[in-house]
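Peer 1: One-letter residues, chain by chain:
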Amino acid sequence: MPDVLPEDRRQGLLSPKRNHDFIVLRRRLTDHLMTSLAVLTVVLVLLPLGAILAYLLYRGVGSINWAFLTQIPKPVGEAGGGMANAIGGSAVILGLASLIGVPLGIGAGIYLAEYGANRFGDIVRFTSDVLNGVPSIVIGIVAYSIVVLRQRHFSALAGGVALAIMMVPTITRTTEEMLLLVPQSIREAAYGLGVPRWRTTLSITLRTATSGVITGIMLAFARIAGETAPLLFTAFGNSYWNFNVNQPTAALPLQIFIYAISPFDEWHRQAWAGALVLIILIVGAVTAVRLAVRHGTLAGAN
Amino acid sequence: MTGPQPIEDSTLRTGTPARTGLLRGTSSGELADHTFRYAMLVCAAAVLGVLLLIVYELLVRSNLSWHAFGLRFFVGEDWNPVEEQFGALPFIYGTLVSSLLALIISMPLAIGVAVFTTEMCPTWLRGTLSFTTELLAAIPSVIYGLWGIFVLAPLLRMYVQPFLSRTLGWTGLFEGAPYGIGMLAAGVILAIMIIPIISSITREVLSVVPRHQREAALALGATRWEMIRVGVLRNARAGILGAIILGLGRALGETMAVTMVIGNRPEIARSLFAPGYTMASVIANEFSEATGDVYLSALVEIGLALFFVTIIVNALARLLVWSVTRGQPARAHA
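Respectively, the protein sequence lines represent chains A and B. FYI, numbering that gives the first Met the number 0 numbers position 51 of the first sequence as 50, with every residue one higher than the one before it. FYI, numbering that gives the first Met the number 0 numbers position 28 of the second sequence as 27, with every residue one higher than the one before it.
Looking at chain B on its own, in the form it has when it is part of the complex:
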């Protein structure tokens, strides 16, 4: 992480000013160096500035709603723009439930793919497989949403939901009319979207587990799976947890695909078949049409809450990943 040391200063400055001038041009070279350094510093400071600006704007614009409702805002169930009553609980509930559902579905799949790519698959397949999962990450959210509306929702409505309500209807989680669109669809589409993130970070974490751990397990006569379980997964579990939480962070803030398939109704229902609403999608749907300062401010406050939650979740995840990869930066995933 150390930058280049300014060796030229100490060696060249020992000469007389005239010689220095001869070798390096006049002092304008130094001036240029300083200017360049400060220009780069300004760019770096701008990154910090942007984050501070985000926090500042969110705090200022949500002030009105914060003063009107206080903490009640986060426990109130009533979202009524006409009477200017705003409670964000249905959105918080929808965000949490859809994200958790996505995690439950994607976790085993993503880890399975990562384990397969790093430990089991033949070398010639490895590159193709990781490229394909990257491709899954490159598909824009709005296209997932489009596919969700026209392919996934009908599939759920016709096959999956009737099956679930027949077999697991007694739990109360799978009852009611099968619309297709709803919390379940949102969870499934989110799961597909976060698999690449979880699996690529898990792959990274697994690949830094020292080779001798694997060899030691194999030398004791372990089968391949026992080697993976004892030698690899157990050593990487903190990092895998980090990868999962990073996926959670992405799921919490995901907007378009969820907005298109969740049904957009601010109600808290036990059944996963029922339509819901998330924090991100209420902003997406209502922000540009919000009339009245309190309404707008309430939406910004939801954004503020979303911002803080994702920051905490991401920071936690990065710490966990770093604890395994030992400070090598977890690659920025696009």
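If we strip away everything but chain A, and leave its shape as in the complex, we get:
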């Protein structure tokens, strides 16, 4: 406590006893003050979270009905209609993104963990950290350039590519981390039985790290499920059903955005309902995985 001692001397005018009491009191008060401030920050941070979730429930629950989940949007001015096509479209786009992003991310993670103790591995590690920080809107521009401009029209595929690019870095790094946690002796046991290295990696190492890898995938999935910016000029949106990956497709976050900035009350109501559906999907996925991992349904050897 370097700055307590000089303080002590400066207060020399008072009698030693009173001086001491004063300092102890002041230090104790500071301690209490800072503790209360810390508690206050926690309250201030939890407040908006509570406010957002509460308001979302309040507005959303009243607006979700069967029509919302099964019908496509009605023209402006007509009541009713829903976001079924957007929910379906989101499923298509997210499916495409996972199809591209998950194998690529796991593959890159396996490379980094099993063969990546070299310069190239370091470069890939750094690259994936950089990629993780690239703003989603920029990824949208790139997906537009490489898919939309070649195809000459907006498509679900372009949206899927954009979201896949966003998934890869998270999956890569968590896969790597989880594989490195698997004890070396397990690999050696497999080698000792004459199991080839590729087989060991896939059936032993990756298998042992399954729960961690799945957590990584779900985190990446939760992150992209709510992404809107990269879909604005890739998937573009659509007022009708579309399951063709080469056509513009509606997506739930996109529809929420369009409805939110519109001037119509009916559309605002549906935006809240859509937001509730979206958050239930995301929080549900994250919580389910968290619980599953904690309670051992998926828990591996680590």
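The hints are simulated quantities; they were obtained by calculation from the structure and are not laboratory data. All C-beta atoms in this analysis are idealised placements derived from N, C-alpha and C, irrespective of residue type, glycine included. Among the hints, a few may not be true.
[Claimed, not checked] Now the stretches of chain B that chain A is said to cover, found in silico as 3 or more residues with beta-carbon under 8 Å:
1) 31-38
2) 134-143
3) 282-295
For this one, chain A is given, so just place chain B on it according to the hints.
Peer 2: Structure of chain B alone, referenced to chain A:
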């Protein structure tokens, strides 16, 4: 970080080819091993390839605008698609001001939460608290925007802005008509969004400060706060700075929530009540409607600038965090 050593090669290859064949199958096993290794290498190379592709596409597509305006692009205030005059300064200004505002608001809150979770709170509360802050990070940007439009903006308009202009109006930062929507709303919503990132990285950094630092401070008779200040915060300051800069990186690139509450007007105003525009939101709003090659190219150039700024900011932040956590990778935050 070391991968498994290929021990089987050295031990098994000492035998005759026939024995090796017996133990490991034929050489097709080796072929499979090589194939697998190269397949994984291709995946890893693809990560690198994607980043290079991003840089390449951005450079190529912004070429036109770069040649037309050069560096003037970044200092020009005029954004006029009709006359094909493009200056990005209002967007750069809006991005910087909204992000800085967000940092000022979120910094004390995020660090306070991190300190509380790691140093003060009872163990049973710790898990719940970190889960709750993670939850804040899992809410999609568009939902923050929705809440911003319908809850935050009216709150600001009716209560906060009149109060601010009465008490702090003389600074010139808080004057003009209280719309609710505007730079202030963008700053507040961004602050809420980056708190989880700053606080989770700070928590990580604080938790690697060696235990004996805390014990030493307590042994000298420090109160808890003095222990935190001298033993913990002082040792972790580089990492905390890194966490804050990581939050800045996220704020700079944040698109949807900001687009929905900032007002989208390309003007530079001193007052935080006035509407503004950010680099990310101009791309979001105008990209799909951009007519003309120069217009599109100008938007891509804004994207390019945003890309480089966020990369530099993120790299700096990671170096700072690593300097405290000593190379353990800062966990990817979703």
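Peer 1: Is the listed coverage of the region 31-38 of chain B by chain A valid when you require three or more residues with a beta carbon under 8 Å from a beta carbon of that chain?
Peer 2: holds (count 6)
Peer 1: Confirm or reject the coverage of the region 134-143 of chain B by chain A under the rule of 3 or more residues with a beta carbon closer than 8 Å to the chain's beta carbons.
Peer 2: It holds: at least three residues are needed, and the region 134-143 of chain B offers 9 whose Cβ sits within less than 8 Å of chain A.
Peer 1: With a Cβ-Cβ cutoff of 8 Å, does the region 282-295 of chain B contain at least three residues near chain A?
Peer 2: Since three or more residues must qualify, the claim that chain A covers the region 282-295 of chain B holds, with 4 doing so at under 8 Å.
In summary, this structure violates none of the numbered hints.
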